[in-house]
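In order, the protein sequences belong to chains A and B. Using our numbering, the first residue of the first sequence is number 1283, and each one after it goes up by one. Using our numbering, the first residue of the second sequence is number 19, and each one after it goes up by one.
All clues stand as given, with none of them false.
Here are the simulated lysine-lysine pairs, DSS-like style, with alpha carbons at most 30 Å apart: (1) A:K1445 to A:K1899; (2) A:K1824 to B:K64; (3) A:K1909 to A:K1895; (4) A:K1874 to B:K291; (5) B:K64 to A:K1822; (6) A:K1867 to B:K294; (7) B:K51 to A:K1824.
Footprint (simulated), chain A over chain B, 3 or more residues, beta carbon under 8 Å: (8) 58-68; (9) 101-114.
Read the hints as simulated data drawn from the structure, not as lab findings. Backbone N, C-alpha and C define an ideal beta-carbon position, used for all residues, glycine too.
One-letter residues, chain by chain:
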Amino acid sequence: MDILLFQFLIFLSLGLFFVPKKAKYFYTLGLQLAVIIITSYWAILTLTKLEPIKLHFFQLLNNDVYLVIDQISAFFILVINLTMFTGILYAKGYLKPYYSSKNNTELTLHYFNFAWLHISMILVCALRDGLGFLVAWELMSLSSFFLVIFESEKENIIKTGIKYLIQMHIGLAFLLTAFLVVHMKTGGEINFDSLSVYFANNKVLPIFLLFFVGFGIKAGFIPFHTWLPHAHPAAPSHVSGVMSGVMIKMGIYGILRVLTYIHTDLLYIGIFILFMSIISGILGVIFAIVQHDIKKLLAYHSIENIGIIGIGIGIGVIGIAINNSTIAVFGLAGGLLHILNHSLFKSLLFYSAGNIYSQTHTRNIEQLGGLIKKMPKTAFFLLLGAIAISGLPPFNGFISEFLIYFGMFKGLHAANFSQSFILLAGIIALVLIGGLAIYCFTKVFSIIFLGHERSIKTEHAHEVENSMLFPKIIISIFIIGIGILPIIVIKPLANIVSIFVNDASIIETITPSLSGISLSLGLLLVVIISLIFIRSTIFKNKKTTIETTWGCGYTGAKPALQQYTASSYANYIGNLTRLVTGVRKHYSPIEKTETFPKKHTFETHSSDIFEDKLISKPTNKLLSFLKKTAVFQTGNIQHYLLYAVVFIVIVFVLTILKFI
Amino acid sequence: MIISVILITLISIIFPGIISKTKAKIVGRKGPKVLQVFYDNIRLIKKGSVYSNTTSYIFQIAPIIYFSTILLATLFIPFGNYKALLSFDGDFVLFAYLLALGKFFMIIAAMDTGSSFEGMGANREAYYSLLVEPAFFIIIASVALLTNNTSFFDLFNSMHLDTELSYLITILAIYVFLWIAMVENSRLPVDDPKTHLELTMVHEVMVLDYSGFDLALIQLANGLKFSIYGALIFNFILPVQFSLLYQVLIFISIEIVFALVVGLLESFRARNKMMKNPQWIISLSAIAVIAFFSVLIISGKLILI
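Produce the complete structure using the sequences and hints provided.
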């Protein structure tokens, strides 16, 4: 019954082309709500019963295609549903200005692809059949491509979109190769379940690497991340929120799915995942620090958070390999929880960035400033997201990092020499990532919202309408809820982790710590509230004066020009990491003869060494080579006829000489 | 044990006084009273406040959050063989992250003023604290590796029981903690609280625009932070189980010695060049890694022939 409804809903998505312009939004919303209700029902059923659901989806050439939902799929489906729900809610206000500039078809395509991004992601999580999975994977890439190029009238957005599409297909090629190799070796059908046969009899590492690259391109592991910092800024904010919040997690889903079939060589795989994740985590946040484009910065932060998720998973896999259930359970649980957490605060941050963009029409934070007075609610939500993504209590980011820390510290004593070094590397990486994230988000929040206004862009900004704030409230409730009462997520997490580890009951040992955290944070709240109370009573009969900011007694200069900028804030990290971030300064120095200084400019630029060396350089080399071959393309019809004659003559001669 | 919280709070009142008294004596001045900083704070609370017209509510809420996080952090410190009020597995992670939360708010509060000086200070604070953070965690990881425990109380209590060699770790840990305390509290050689040029300050410049009640809260919190680190060092040193009275006496004397050492260090050491600070701070992590290595050798996981 429910599967029929699901099939019917997929069919109903076509109806978007026939409803009037005004009704399209509500049609999509209704469609997605229905999808959310059905799939969440399946997911919750799976998580409570702890056994997979198998539903007959359709029949193709006498092959039955099933939807199989186990605990991992269920978890991902719930995360997808939550973020897609807030995404479509946010889209209402965000897309409003576009209703006048975009025509009917463009809007239809946008909504259609948004709905299909949702459906295809659920299919990716539920299809075990190899071809069906790849088709769903391709649908996901295509629908997100159309979403990215929504503002297609801008030339560089099309360019970015094409770049994204190409990289997604390189990923697809890796996945396809992996499936084909497995198919050729085992001779069975192309599906995930044949992996278990393959991995039992063959070398694990090569195929795993193929899968890792294929899925890693989607997830954005460095060095496969180069599409992320371009696609996210190009897309509208609700799309970036959804893409960064859940779509890149499909890569993680793929890796986890493949891992469920692997039972040998896990130590090397774990170390490999951990290594890649540490690199992604640290470099991701470093790249983020030197960005001035708010959405590009957030995109790099997605890479960082994929790194944290990967650290959790890597540690967990190492734990499985060395039979240490503490490390395994807490590593995996922390990684999984961070998937949910990141989807929450990253979508919150992207929606907040969308608010700012809709008011100021700039993504360059150097042109903003002082917005907290004009957009206090947006400021509040961005601050909340910033604290959560930095992994600070009392929000959810801290909880997932705490789980990973817990596993690593608990596992230290039992580990041998090399293992304890791996764990120490994980600990140091998490600490550094946390510190760098604080560095980055203090910069983001203060440059956008605090201080003086830096340009006229912020002049007409005001608080956005409520429909753009409402989804943020939903997300915030989850962020605060998980942060203050982490105990609620432990049992579901144990159920999911039990896929990898036979006995996940060891997770109960963290219960006293989590209650301790809840108690401490409750106390913190009490202390803060009572201090606020004391302060306000003291201030009742005190004189409070308003003055200008202290500037060593000098008040002549324009305050907006004096204050710290994003570039100067990022300068320390930019200098320290110039090798990878390639921060360059461009300025005209003041000449000695210049008695009265003229107007001078100062600019900083950063690049991404991986993009330069892995993508741009080879592509440019290839392009310049191909340009040389373009001498044949003269545009002269006589030449083309000549080529045809030459071709025929060659074929003729070769046939006579019996070469072909 | 509530007693540790009370003691830490009491010590924090005289701590800055002892430091400045020591420094004054060494250069031959009479110096202010030991309780002078405390009197100053009381006077500040009585005074009115001046706020910059650039600032927002962030600027006003930050000192409260800063003070609250540090006050709450004192509840995590065990007292010899008495458990802390808040003690659970992994409590040191929450301890470190709570301090970071306070710092986060102080940094954005400094940026809230729109002053270039305060931006500079905030930037340095963010940079230095991200560099110093690993050292703390590596030291804790070393002790966790040695004792198979993951809460402050268990870590400190079991580390002296295992082997005599653990004193080696104690010495390294105390050395690193001493310098972490100096960095975290913005003291020499990273930052000089007595400098008179805004350009060269770190912490002092961040609070330039604070006055009255808010400034008092910040200074009380700073004192508290210092005595928290003193209490951690006390827990590292306390060798065997003593009766409560002796523990209190030892605690007070260790805190006073710690304050004297800080005063001495500040009197005989120049401030680093700003550009040299990162290397210097990272070297603390390197020393902490040595501690980690030593534990590996002690526990027989790394065998050197």
